[in-house]
Amino acid sequence: MLLLKLLQQLVRALNSDGTPGQVAAGLALGAALGLTPLINLHNLVIFAVITLANVSFPGAMLGWAACVPLGFALDPVFDAVGRRVLLDVPALVPFWTGVNSMPVLSLANLNNSIVLGSLLVWLVAGLPLFFVARLAVAKYREHVYQRLAQTRVFKAVTVSKLYNLYRLFQPE
Amino acid sequence: MRVVRWKALGPLLVFGTLIGVLWWLFADRATKQAVEYAGAEIVGARVDVRAADLRLAQGSVRLSGLAVTNPDQPMRNLFEADEIVAHVRTLPLLEKKIIIDTVAVRGVRFGTARRESGALPQRSATSGRLAREVSAWAGNVRIPSLSVAGLAGVVDIAAINPDSLRTVDLARSLVARGDSLETGWRTELSQVDPRPRLDSARALVERLRVADPVRLGLAGVRSLAESGRSELAALDDLTGRIGRLDDRFAADLAGLRGDVQGLADARAADYARALGMLKLPSLDAPDLSPAVFGDMVLEKVQPILYWLRVAEQYLPPGLDPRRRTGPDRARGSGVTVTFPRPQALPGFLLAYAAADLELGGGGSGGGGGGAGAGQYAARLTGLTTQPAVYGRPLTLMAERLGGVVGPREAAVSAVINHVSEPIRDSVHLALSGLDLAAVALPAVGARLGLEDVGMQLALARMGENVSARILWRTNRATWTREGTEPDPTAAIGSRAWAEAILWRTVSGLRSVEIEARMSGSIRAPGLAIRSNVGQAVAQSLRRELGAQVARAEQRVRAEVDRLVEGQVEDARRRADDLQARIGDALGGKRQEVAQVRSALEAEVRGLTRRLPVRIP
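Here the protein sequences come in this chain order: A and B.
All residue numbers for the first sequence refer to our numbering, where the first residue is 1 and numbers rise by one.
All residue numbers for the second sequence refer to our numbering, where the first residue is 1 and numbers rise by one.
Any given hint could turn out to be false.
Straight-line Cα separation of at most 25 Å, SDA-like style, residue types lysine to any residue; simulated pairs [stated by the list, open to error]:
| id | chain 1 | residue 1 | chain 2 | residue 2 |
| --- | --- | --- | --- | --- |
| 1 | B | Lys96 | A | His42 |
| 2 | B | Lys7 | A | His42 |
| 3 | B | Lys32 | B | Arg76 |
| 4 | B | Lys7 | A | Gly21 |
| 5 | B | Lys97 | A | Leu107 |
| 6 | B | Lys96 | A | Val89 |
| 7 | B | Lys97 | A | Leu87 |
| 8 | B | Lys96 | A | Ala91 |
| 9 | B | Lys96 | A | Ala53 |
| 10 | B | Lys97 | B | Val21 |
| 11 | B | Lys7 | A | Gln150 |
| 12 | B | Lys97 | A | Val99 |
| 13 | B | Lys96 | A | Phe47 |
| 14 | B | Lys97 | A | Gly21 |
The hints are simulated quantities; they were obtained by calculation from the structure and are not laboratory data.
Here the structure is a predicted model, which means the values were calculated and not measured.
Extracted from the complex, chain B is given alone in its bound form (with noise of 0.2 Å):
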């Protein structure tokens, strides 16, 4: 028995050469389909090749028609290119790896229209999980809103009546203390009487001015002159006594009138607790601009974000062995290990890309080929996928050399550097003289055009953190109304108030300068949003409101002295009489009694200087 079977060479070779004729007729097919395959796992949507020609002898690929779909606008390209011209190492194919030395690129367009979605029925697990991601991260970024609605009803003065007052209060006890003060000092007057001692005071200053000294002896006049000086004692203490009242009164009176003039202090209280229930909105400026622009900025940097998290999956640091999901097939995909080892050739490399773009002016808007016609220069090394292996770090410079529209200034630079842990990212980006697509501000009821843009980009990333600022700034904005104009007779405190508030501000404005900062980590970053339409919003809004506040204010205070003014009165009115009554009457007491004791020393001094000798 023979161990080879001869006659079945013949077949085999049949066999053979027709694999031969289908990887001829197919290979072309296979590069397309598997250059579509590993764009769409890359960039999670539709990748599209019109045709490929795979010429292995001359290791060149030439790719007709790619369209790259963005993923963030599924009817629009990332970019579109009319020829890609690749010249591949035929030999490391041979070790599964694809070693592109120089690339040539011819017919650029950016963000052209798709006439189809180009969204992926299903993403990719590596390009899915990652949008998710980022979607969610956006989905928590906490936007304020610019609620109209708060603003409204800011001079309801409804809610101040007299039972919400202090003052009211407080005056209407006053009086009551001054009416009880009153019968108190009336019962203690009447207790100190002094119309006994004075009568008896008067009678003995009559006795003495009627009194003889020779008739009435050395002996008579002393004891005359005895009572009168017991009479005089008895009248100190009297007064005395009536000072001692007159103090008190004078304390309790100042404590009354103190209270009274306190009266100011809980009417100023009152004004601000009936301002405090007119729900005033908080105009902080920096919570404006988030409001106005957050959406648009979380537009712009989720791809920045996609397209960084992106670069860390494709391009990852290290030479740990490292997987993938293996091919689609109707078999289980199972795992697919990728065993880096330095010095060799990395299992992907563009190793020198130049290209002199020429970018046509028949692209639509928004960023598209229109908007940034011109000659545009780019220059990349070191992309792969294994930048350990390649040992040196990705770079991209690209400038605009010239055009007739778009942009006047173009340049990027940027710098990937995965070779080692912790990888470290760098882009920056400068555009000037940029149109951009209008941008729809529902917070403002407004779309912002922005024409003759400046735009500044600069981001770092070191390991899993990234800072980064963009700046759009321009002096040629413009604003279209969204909806129905705002009336301008709108009543004070309505929502056609306030919008139109918004509007006049907004639409004055010519100058928009808009800042973002992005920091922390970059599966979480946090969001800072600065902007002068913010402040200027703030600021209006702060001005016209501050105007209707101050009338509010006028109007709170004029109620609250309605409520209030009767009862202070009252309060004043009644320290007024107390003093009138009881003040005067103590008063008048103690000049009563002073007079009395006034006359009768002078009538006992008058009687011993009558007397021919001198008594003790």
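Chain A with its partners taken away, still in its complex shape (with noise of 0.2 Å):
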């Protein structure tokens, strides 16, 4: 069932109306949902984010799927990237100390090592994902998407009852 969704979300996001630019910015927007630990208050303004911006939706969701094994598995890294930056950098005390007496921005949890460090991996790795994946949706529209759209498995995706709701978020 969770394979299908992401098979889905796959070939909804690939050949939807938007631009590989837009459905780009999906998957980069949505990797910080996957890669970050989920209930914190950045990935709250994310989602809006994703929501509000004409972004693909539907990329977003790929990206958040496509993250969250990978989440899991680079806790360790995540932890130690925090852990050196809140710990072991006397100078950026100063800067954590305000960060975390500020309201609102004090409840980001930004002081624990693993949510500041996925968010730091996501900041850093962002933009690059961003241009590998805009270039390889055009590669995939220009090569695969003509041959893909006759197949039997393609049609079924596309007429799934999610199709409609998945229509609002479509980019413009």
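With the hints as a guide, bring the two chains together.
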């Protein structure tokens, strides 16, 4: 079921009406939801951006789904990065003291090594991810999409019940 | 292409509203779970909240049915509270800070029983570590055992035999030495035979007596007188030789008699050696109090150490960034770092709590509500997770205002000063009229009931060092035998006999005082225990065993006497025999020589007096 859903998102994202840039932006933003611990303030902000910005929603869902296992696997790396930044750089202590004393921002759990580490990794990897994804989607549509559209699986996926809801978030 | 997707605004608003509704629906539950989680983290055991009511607009949190499990007794609560109402400042919540201005507590009961165990499947890393460390310390405290097995067999004299006694050997050697001396002296005496000399002297005396100076003439008289003088010189020489022999003999005899006298010292040493074989138990009083009350005191002291360590852990001094394990979640927890900021609000602060507690009598014993029913007043200030930020120490004052049952007086005062290094804690507790749960004392095979107890606790901590004194005192102690009654007619030296002594001693004690002193490093303090019970037990054992030991000593002495007396008598008799045989013989000879000399001297003088002229 999960696999089917993933496949559905993949198909819709790659073949939506959005430009490759919109799909890639969705993927990059969705990656934040998967890489960082979900229940956190920054993810609420990112979700709002995905929803309101003219980016591919299925692309974001795809990025989220694809990055969840990656996030689990990379937790030790995020932890190490977070510890390094929080604890091993004395010059940053005043900065973190300020961040963690700031109303609302202190609710973002940026003083947790995994939250901060994963967010930093996403911020660094987000832009390269956007460009790589945009190129990949363009190549895909140029070479693969026409043949794939004729397959039964593709047709079955595109007529599922969620399709109409998904269209609300289709890039304009 | 537009940047904003306006048609998604509706669903987003719906989503936001949904989150709001979910918050409204589940905020109370989230608060309940947060209190339970944080409480369990700190206490190291389950903390249950029946219901929570969070009203952010009014800044109030109401907790109902709070039950905090005692981590050392999972089937009991440290305390329960029917209702806790806290007034929380709202704006600091946006900084993730919980600032509680006031707290009201109602329906508090201590030590109540739980329906189900409050032990955590797995303690949090912090509380688990602290509990393990305190437990490891308690495991390393050496409590001497009061084993009655060591008291048995004190009158066993089977180990004493003649071969182990020096007196017997010594007496035998003295007898042999006496024999040897007599043989030697007889040889000496035979070499100094005075008879030829005496016979010669007697013959000369006879000649002198019948001599006629007129007929002998001057030359004949002179010759006879010369012979007399010469014989006198020979007799003097003989007397000298016998005298010297007598002196040497007297010295030998004195040495022998001295050694015979020395048998008394050897016998005393044999008494001591034989008593040493009895393996009498050591009954030093200071050793017995830890043996009797060690387990009980350890049980009472461990929570004190644990809570001191918890206070150190959760109320740390200084402004350094401090880390703790992140929240439990499907993802890794990581580490959460807190960055205290001076002149700001601390992360958690209970500024002032004043509670007038009325404890009911419905709890169970053992320090439960029933035992402590009455009115109490408590004041607490400055409970914060960041004392250096708050800048003032935590203070706690509680006292009993009155009640129908339970302690007549109860007063607690504590100052937990973690504002800066070194941390300084002081706690004073005074209770009187307290009824405590009966304490099992396996060392004496009894349970000790402590009623109307006065209890005092004075504790001071400075940095890593702690010193504490806990005193329990009552004049209404009761003793209940555990297991079968000891047999008062048990055989002396048997285990049952020893148990009977212990039971007779403690069962008569109504006044009990137990004092525990703890000092040293907070990680592994030393523990000293003193009690009048331990001292009474020691004295009683000493008294009872002393009588047994005296009897045993008597038997040991008799046995030693029986084994050595014959030999000693032989040695003494041998010395007497030697005196009689050799000494008398020497004395007789000296006397005989003296008599002959005296007669000879008289005759020589008589001869010269009979001359008409004086000869040179």
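Outcome of the hint check:
For a cut-off of 25 Å, the pair hint linking Lys96 of chain B to His42 of chain A stands: about 15 Å separates their Cα positions. Between Lys7 of chain B and His42 of chain A the alpha-carbon distance is near 23 Å, which keeps this suggested pair within the 25 Å criterion. A C-alpha spacing of about 21 Å is found between Lys32 of chain B and Arg76 of chain B, which places the hinted pair at or below 25 Å, so the restraint holds. Our distance criterion of 25 Å between C-alpha atoms is met by Lys7 of chain B and Gly21 of chain A, whose separation comes to about 20 Å.
A distance of roughly 10 Å separates the Cα atoms of Lys97 of chain B and Leu107 of chain A; the hinted pair therefore holds under the 25 Å criterion. For a cut-off of 25 Å, the pair hint linking Lys96 of chain B to Val89 of chain A stands: about 24 Å separates their Cα positions. About 21 Å separates the Cα atoms of Lys97 of chain B and Leu87 of chain A, which keeps this hinted pair within 25 Å; it holds. As the CA atoms of Lys96 of chain B and Ala91 of chain A are separated by approximately 24 Å, the hinted pair is consistent with the 25 Å bound.
With a C-alpha separation of about 30 Å, the suggested pair Lys96 of chain B and Ala53 of chain A falls outside the 25 Å cut-off, and the hint is violated. Distance restraint check for Lys97 of chain B and Val21 of chain B: the Cα-Cα separation of roughly 24 Å lies within the 25 Å cut-off, and the hinted pair is therefore satisfied. Our distance criterion of 25 Å between C-alpha atoms is broken by Lys7 of chain B and Gln150 of chain A, whose separation comes to about 31 Å. In summary, the hint linking Lys97 of chain B to Val99 of chain A is supported, as the alpha carbons are separated by about 13 Å, within the 25 Å threshold.
A C-alpha spacing of about 22 Å is found between Lys96 of chain B and Phe47 of chain A, which places the hinted pair at or below 25 Å, so the restraint holds. Taking the CA atoms of Lys97 of chain B and Gly21 of chain A, the gap is near 42 Å; set against the 25 Å cutoff, the hint is violated.
In this structure, the hints that do not hold are numbers 9, 11, 14, in rising order.
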